[in-house]
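> Residues per chain, in single letters:
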Amino acid sequence: VHLTISQSRAASSANHIQPLLVDNAGQFFSSGHTNNWAVLVCTSRFWFNYRHVANTLSVYRSVKRLGIPDSHIVLMLADDMACNHRNPKPATVFSHKNMELNVYGDDVEVDYRGYEVTVENFLRVLTGRLPPSTPRSKRLLSDDRSNILIYLTGHGGNGFLKFQDSEEISNVELADAFEQMWQKRRYNELLFIIDTCQGASMYERFYSPNLMALASSQVGEDSLSHQPDLAIGVHLMDRYTFYLLEFLEDIHPASKTNMNDLFKVCPKSQCVSTPGHRTDLFLRDPGSVLITDFFGSVRKVEITMETINLTDPIKQVEQRKYSYVDQLPVSEIIHQKPKQKDWHPPDGFILGLWTLILLVFFKLYGMKHLKHIF
Amino acid sequence: CLSERRRGQLAALSIAAVVIIVGVPLWWRTTETYRAWLPVNQINELANLQLQLSADVEVVFARGTVTPEQQKKVPTQVVISLCLFCSSPLEADLSLHTLSESPCGSLVVYVIPESSTLLPEDVDVYIGQRRTALLRIGAQMRVGRTLEQLLAHLEPRIKQVLQVMSFSHTDITAALSDRVRLSPGNKESIADSMRAFKSSPGYEITFSLLNPDPKSHRVHWDIEGAVQTYIQPLLTKLAPLANFSIDSQTLYYAMLGVNPRYDSSRSAYTLNSDSLAHVINPVEARLGSNAASSNPVLNFLLYVPDAHHSPLHIHDHKKQEVLSNAFHSPRWGGIMVYNVNGFYGPEAVFPVDININMAKVMGVFLAQLRLLLGVQSSAPPPGFLVAPCSSTGLADWELDRLMWSRTVENVATATTTITSLAQLLDQIGNIVINDNIAQQVSSAVTSLQLAVAELEAGNLGFALQYSKEAILASERAFFDPSLLHLLYFPDDQKFAIYIPLFLPMCVPILLSLLKIVSEARQKRRERQAKKD
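For the protein sequence lines, the chains are U and X, in the order given.
Using my numbering, you'd call the opening residue of the first sequence number 1 and step up by one each time.
Using my numbering, you'd call the opening residue of the second sequence number 1 and step up by one each time.
To be clear, the hints were calculated from the coordinates, so they are not data collected in a lab.
Be aware that a few hints might be false.
As the list claims (entries may be wrong) - Keeping only pairs whose Cα atoms sit at most 25 Å apart, straight-line, the calculated DSS-like set for lysine-lysine is:
(1) U:K315 - X:K319
(2) X:K198 - U:K256
(3) U:K162 - U:K138
(4) X:K318 - U:K256
(5) X:K319 - X:K360
(6) X:K318 - X:K237
(7) X:K515 - X:K530
(8) U:K97 - U:K268
(9) X:K515 - U:K315
(10) X:K318 - U:K138
(11) X:K494 - U:K162
(12) X:K198 - X:K237
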């Protein structure tokens with residue numbers, strides 16, 4: 001068999017995936033993906049950026065409700081609003097005014113919290129270049145049949161997104177990261193949603209295939225927040241994500257709504273800014289892409305037709321006895337060296353220091369004042 | 001002695017000299033990034049990779065197929081007496097193995113005469129459990145045929161056998177399906193490529209017993225023994241492909257996410273095929289996984305329905321009951337529903353002790369495991385008879401097929417990884433290339449070249465080993481944490497960084513140099529004027 005494998009940098013975009021026949025087993029071939037991942041990032045800290053955390057958590061909640069498990073979601077929140085000292089209702093994050101909907105819930109699994117949300121960590125998660133000690137829950141373990149949803153929110157500008165109020169990620173870096181993901185076939189299709197000011201500038205530089213992008217505002221426009229809550233004292237949500245959440249609440253795992261409906265979310269009359277989208281890099285027609293292809297996780301299943309007839313009797317496995325001392329190295333623990341304590345000045349140092357100051361003072365101004373003390 | 005002005009000029013000149021001769025090279029050297037040498041030429045050669053796969057085939061003519069004169073002419077002749085009157089081809093197959101053990105990647109085809117009763121009437125080819133096949137000569141080759149005619153008759157048949165037992169064009173292109181997405185030629189091969197896990201150095205297999213009703217059923221399963229008896233032989237056979245780690249767990253009060261419907265005609269609860277897709281997600285949230293490794297996980301779930309919803313049957317889209325009562329999801333795992341209502345009567349005292357018949361369960365899981373690992377399930381061509389599955393669950397030639405496609409997949413993946421890494425490092429001049437990365441890249445390139453050479457020579461075992469080494473090295477190089485380029489510096493940012501540092505220093509030097517030059521010019525003009 002003679003085969004030629006040549007560098008297929010451009011081949012992937014040249015080979016169009018024609019919409020395949022819908023099988024009886026339920027859309028096995030039409031989307032080409034077998035699992036779903038979501039990377040949800042909130043990039044701003046400080047209490048007045050409550051709405052960004054609420055944005056991310058409401059998308060997280062929708063995505064979980066539609067079926068993506070926590071093991072396939074990488075949630076990055078740059079600050080902790082639920083347990084912030086200024087939160088009048090601790091352990092809650094609300095997305096509707098009058099505290100109707102608590103998006104924090106009971107089972108939020110935040111993978112990157114606080115100062116771990118940096119540009120470096122975000123790019124490491126996307127490209128997979130994490131140190132070997134990173135646990136599974138902090139990794140994006142997608143393969144070439146994964147559809148990934150990436151949602152970013154925070155403060156942004158023309159061509160950049162601000163992280164933690166101290167660093168920024170540029171649209172070129174983001175495009176390069178997606179290209180590296182494509183080179184390593186870390187995604188089948190990718191949906192990129194960004195809710196920041198001038199969000200459309202972030203997807204201008206994309207050049208890898210199979211990317212679809214949505215933004216809450218065009219270049220030169222600001223994305224506005226939706227509603228303040230007078231009891232909590234800050235704005236609770238941004239407009240685009242608020243209407244996005246409303247749209248997603250109508251979606252259930254079996255619904256057939258497609259992407260064209262998603263593009264219509266939050267028109268200018270409601271959002272004040274003009275949402276934008278980009279589909280030129282996407283190979284399928286957006287009208288044939290279901291919302292649940294990205295936001296939910298509808299598994300493909302096949303009935304198992306054949307079985308193997310096994311006739312051997314079961315071998316008896318000898319029971320191994322585990323003893324506690326084998327599992328826990330107690331001797332190593334109790335014989336550890338004592339921890340180095342930080343150096344403190346010797347006792348009485350402060351007292352001596354103050355005595356010296358007083359003596360100098362009285363030397364300067366005369367000893368007669370000393371009798372007032374003693 | 002020198003005048004003040006002269007001293008000043010000398011000072012300015014010497015400072016400028018130090019800055020230019022010492023300072024600028026020092027700054028250049030200390031700000032350049034360390035980039036170890038990469039074998040770029042060899043990597044570019046890899047980009048135009050030509051793969052040639054060859055498999056050794058030995059054709060053995062049994063007595064009665066060639067005349068004695070022809071025997072002398074046949075170049076590869078090993079004529080033996082075959083047990084032509086054995087009752088079944090399986091026995092003949094087994095007796096042949098005592099003769100020789102064929103190395104992996106190679107095949108032996110025994111050609112038997114048309115008159116032999118070894119094979120049933122309509123079957124021309126019998127594929128054994130190891131790497132042998134029995135091929136019956138067709139009826140038209142009976143009388144007065146020459147050796148050339150015989151060989152010409154046999155060649156397409158042997159090629160067909162090879163395509164079933166070793167590799168075919170569609171298999172190999174399916175193995176490369178992530179590199180090049182082809183338009184749907186063969187729906188089955190695309191389904192296979194979507195279903196099977198991608199090649200990975202290790203896999204984790206988790207067996208979970210789901211008992212939603214512990215108050216009624218106390219379920220016992222001898223999972224350790226069952227794994228040792230039924231699953232472990234298959235995994236030991238697959239050891240050259242990947243490492244497998246197995247664990248098991250029992251989950252209580254784990255419900256399926258779907259409500260089954262009661263079918264009064266069969267007096268059983270049914271799950272139809274459309275609702276199966278929604279079963280997995282609620283359960284998956286409760287399945288754990290080994291946090292320490294990033295290997296893909298295969299989940300096999302055994303669901304014992306609760307007493308109120310027993311018996312539970314799975315129906316396909318034709319509303320027929322599925323015999324195995326199991327379904328699987330591509331690249332995820334499989335779920336089997338095990339009904340226990342037959343084990344106790346209506347007057348039983350709850351909770352009832354139930355021992356699961358692990359042979360039946362493992363039969364289903366083993367079949368699903370084969371599918372998920374990429375052992376192809378397509379039906380053989382007409383006229384072919386395939387030996388029943390051995391106790392390990394995998395025939396030798398099926399292992400060979402898997403090894404061929406995995407090797408090709410590994411080679412393709414490693415090639416694209418290395419070439420895209422080289423391209424990336426070339427494009428971004430600011431990335432530091434450490435020595436260990438360069439070493440990994442070099443060893444990946446060497447392993448790739450060796451793997452390609454071994455594939456050409458037909459040594460499948462070595463080719464797979466080299467391809468695995470190539471993949472490991474290339475992945476380690478590509479995903480090295482130090483290769484993160486947060487170093488996108490647009491040019492205006494570079495200016496913004498260096499100007500506040502260098503401008504205050506350079507301006508006085510430049511101005512004094514300019515002053516020196518203008519004074520020298522003025523002096524020369526005066527001297528000219530004096531001369532005139």
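> Decide, hint by hint, whether the structure agrees.
Do the hints match the structure? See the list:
no.	hint	result
1	U:K315 - X:K319	violated, 38 Å
2	X:K198 - U:K256	violated, 30 Å
3	U:K162 - U:K138	holds, 22 Å
4	X:K318 - U:K256	holds, 23 Å
5	X:K319 - X:K360	holds, 23 Å
6	X:K318 - X:K237	violated, 37 Å
7	X:K515 - X:K530	holds, 22 Å
8	U:K97 - U:K268	holds, 22 Å
9	X:K515 - U:K315	violated, 98 Å
10	X:K318 - U:K138	violated, 43 Å
11	X:K494 - U:K162	holds, 20 Å
12	X:K198 - X:K237	holds, 18 Å
Hints 1, 2, 6, 9 and 10 from the list above are not met by this structure, while the remaining hints are.
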